[in-house]
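Please take these sequences and the hints and turn them into a complete structure.
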Amino acid sequence: MKNPYRTQNIAFFFLFLATLLIVIPVGLIVAIIIQKGLPAINWQFLSDIPRQGMRAGGIFPAIVGTIYLVTGAIIFALPIGLLSAIYLSEYSKDNLLTRLIKLAIVNLAGVPSVVYGLFGLVLFVVFLKFGASILSGSLTLGIMILPVIITTSREALESVPQSFREVSLSLGASKWQTIRHIVIPNAIPGILTGTILGLGRAAGETAPILFTVAAFYLPRLPDSIFDQAMALPYHLYVISTQVPNVDEKIRYGTAFVLLALVLFMNLVAIIIRYKFRKKKKW
Amino acid sequence: MRKLKELIIEKLILICGLASIFFVALIFLFLLKEGLTLFKTVSPFKFLFGKSWYPISEPAQLGILPLILGSLLVTIGAAIISIPIGVGCAIYIAEIAPLKIKETLKAGIELLAAIPSVVLGFIGMVTLVPLVKTVFHLPTGLTALSGSIMLAFMAMPTIVSIAEDALYSVPKTYKEGALALGATHWQTIWRVMLPAASSGILAAVMLGIGRVIGETMAVMMITGNAAVIPNSILAPVRTLTATIAAEMGEAVVGSEHYFALFAIGIVLFVISFAINVTADLFLHKRQQ
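Chains as they are written, first to last, in the numbering used here: chain A, 1 to 282; chain B, 1 to 288.
Source of the hints: derived by calculation from the structure; they are not laboratory data.
Take these hints with a grain of salt, some might be off.
Derived DEER-like restraints, expressed as beta-carbon distance ranges [stated by the list, open to error]: (1) T41/B with A31/A: 49 to 57 Å; (2) Y168/B with I24/A: 19 to 27 Å; (3) Q162/A with S232/B: 54 to 62 Å.
Here are the simulated lysine-lysine pairs, DSS-like style, with alpha carbons at most 27 Å apart [said to hold, decoys possible]: (4) K5/B with K175/A; (5) K106/B with K279/A; (6) K278/A with K5/B; (7) K278/A with K172/B; (8) K93/A with K11/B; (9) K93/A with K40/B; (10) K278/A with K33/B; (11) K102/A with K175/A; (12) K279/A with K102/B; (13) K275/A with K33/B; (14) K11/B with K102/A; (15) K3/B with K175/A; (16) K33/B with K129/A; (17) K100/B with K279/A; (18) K40/B with K102/B; (19) K133/B with K249/A; (20) K129/A with K40/B; (21) K100/B with K275/A; (22) K275/A with K106/B; (23) K249/A with K36/A; (24) K278/A with K100/B; (25) K93/A with K285/B; (26) K172/B with K36/A; (27) K102/A with K106/B.
Since this is a predicted model, take the numbers as computed values, not measurements.
Here a beta-carbon is modelled for each residue, glycine too, at the ideal position from N, C-alpha and C.
If you want it as structure tokens, here you go:
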């Protein structure tokens, strides 16, 4: 008979190994980008337009484009997502409709990002005639991040204790007043977390903006929401695969800015959640 | 007056509640509207099982079998790498790691999930691709294998977090019962925890694979983009997603090529729909 404790030690060793196989590469990826990307960062790189066919200069239009897109996406997705979460947490009953809504959210989260690109192309660019524009791209990204916002906001709303609602209702407040003045204020940190995670996701996605907004090379800032724009993820794709002989520094620098932007948002979301958990009294 | 205001707000909330259903239906309808046009000129059978994809030759050949096989090869490779590592890591986090390390590991996994796919693609291009080229003495490192390794990393966060949830939600009494009967910690995990969490772990694996099939940018940057039937995992391939992303820019709106790319979109939508519905069923089974 084998010694069960030896088997246990071997098994635990392999589980630990599996964990290392995830953690070490993640650390390496981040470390390589910081080590090679950070030296490329200076004021000129961040504030100048790309020059000499993107082989020199900076990435300012791409940064601005990404900020516009992300802002547009959140303006569209936050109200719809929040109201949808309120519906699910406060109004829905346990019936077929609710089941269908939840299934739809799961599916919306699972649709491949390039399919969102196709959808944005045919609906916003061609059918509604917005053209390849910030508007089309923002709406496409907005629909894509809807499930993130709905799911996290709903969790936040549902974690507000039932007794809070009961007290408010028993004092004569209406259902909407209760939601507006009691439930939402107590769920704000969770909603904020979801919103920031959605922002991070929208900032990093490339496939949905490929055919809806992204400009290959546009060395100026967009004038209106019907203008095309450059965007950081697409710019990184372009300079690493489409343009030959781009200085390595520019590639790593762009990757660094994009990664820093996305990770910063995630970090903020994690901190908000952590602080809130500590402060929570119920 | 207040009554009226509340009525309007509540209707608005209901409408937004239905938004998800509306958008899923809208996506599917628009894909169908454009994609089905293709089948007026090309038979669905020839589209799905045609062996060559030459969309701009005269006449165009629009068979997506090489692309399906490309996606399949990359996905199987990624699954073989990510499932054992992902589930192993989930067990480690859920059962073995001390509390402090556990929180750090979870944050690390979230970090991985947050890295944009184009950044992973870029890192794969500059590190993994040359490595694969030298190790296997290949003319190019842009192969299905490189894609599989990179995609495995995109599947892992999904697998780890959902499998960890599944293990966590196994009732404490199961574990205590097994330990009280004299089982070692590992015997408890292997014989009690894993079977009890199996449907949740299965859902985790499926959702991870769903993520891999739908992944676009990284796969387009490191698999070499050769739309031929792959004969080895060390050959360049092209996936369904990469084909859409790479060719839509050049396809003329309203051309056969354009409709064919939407038909590929339908295929992807149906695959992801099937995976997500099944995974959801497994997750619900667990909760009951």
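How the hints compare with the structure:
Against the hinted window of 49 to 57 Å, the Cβ-Cβ separation of T41/B and A31/A comes to about 52 Å, which satisfies the hint. Between Y168/B and I24/A the beta carbons are some 25 Å apart, a value that agrees with the proposed interval 19 to 27 Å. Range check, Q162/A to S232/B: Cβ separation about 59 Å, and the 54 to 62 Å hint holds. For the suggested pair K5/B and K175/A, the alpha carbons sit about 12 Å apart, so the restraint of at most 27 Å is met.
Taking the CA atoms of K106/B and K279/A, the gap is about 21 Å. The hint holds against a cut of 27 Å. About 37 Å separates the Cα atoms of K278/A and K5/B, which puts this hinted pair outside 27 Å; it is violated. For the hint pairing K278/A with K172/B, the CA-to-CA distance comes to about 24 Å; that is within 27 Å, so the pair holds. A distance of roughly 15 Å separates the Cα atoms of K93/A and K11/B; the hinted pair therefore holds under the 27 Å criterion.
With a CA separation close to 44 Å, the supplied pair K93/A and K40/B exceeds the 27 Å bound. In summary, the hint linking K278/A to K33/B is not supported, as the alpha carbons are separated by about 51 Å, beyond the 27 Å threshold. In summary, the hint linking K102/A to K175/A is supported, as the alpha carbons are separated by about 23 Å, within the 27 Å threshold. About 21 Å separates the Cα atoms of K279/A and K102/B, which keeps this hinted pair within 27 Å; it holds.
Between K275/A and K33/B the CA atoms are separated by roughly 48 Å; this puts the pair beyond 27 Å, and the hint is violated. The straight-line distance between the Cα atoms of K11/B and K102/A is roughly 19 Å, inside the 27 Å bound, and the hint therefore holds. For the hint linking K3/B to K175/A, the alpha-carbon distance of about 11 Å falls within 27 Å, and the restraint holds. Between the alpha carbons of K33/B and K129/A the distance comes to roughly 17 Å, so the proposed pair stays at or under 27 Å and holds.
Annotation: proposed proximity of K100/B to K279/A holds, straight-line Cα distance about 19 Å (limit 27 Å). Taken as a hint, the K40/B and K102/B pair is broken in the structure, with Cα atoms around 56 Å apart against an allowance of 27 Å. A distance of roughly 23 Å separates the Cα atoms of K133/B and K249/A; the hinted pair therefore holds under the 27 Å criterion. Of the pairs offered as hints, the one joining K129/A and K40/B holds, with about 26 Å between alpha carbons and a cut-off of 27 Å not exceeded.
For the suggested pair K100/B and K275/A, the alpha carbons sit about 16 Å apart, so the restraint of at most 27 Å is met. Under the criterion of a C-alpha separation no larger than 27 Å, the hint pairing K275/A with K106/B is consistent with the structure, at around 16 Å. Of the supplied pair hints, the one linking K249/A and K36/A holds, its CA atoms being roughly 7 Å apart against a limit of 27 Å. Proposed proximity of K278/A and K100/B is supported: the alpha carbons are some 15 Å apart, at most 27 Å.
With a C-alpha separation of about 20 Å, the suggested pair K93/A and K285/B falls inside the 27 Å cut-off, and the hint holds. Pair hint K172/B plus K36/A does not hold up; C-alpha atoms about 47 Å apart against a cutoff of 27 Å. A C-alpha spacing of about 26 Å is found between K102/A and K106/B, which places the hinted pair at or below 27 Å, so the restraint holds.
Going through the hint list in order, the structure does not satisfy hints 6, 9, 10, 13, 18 and 26.
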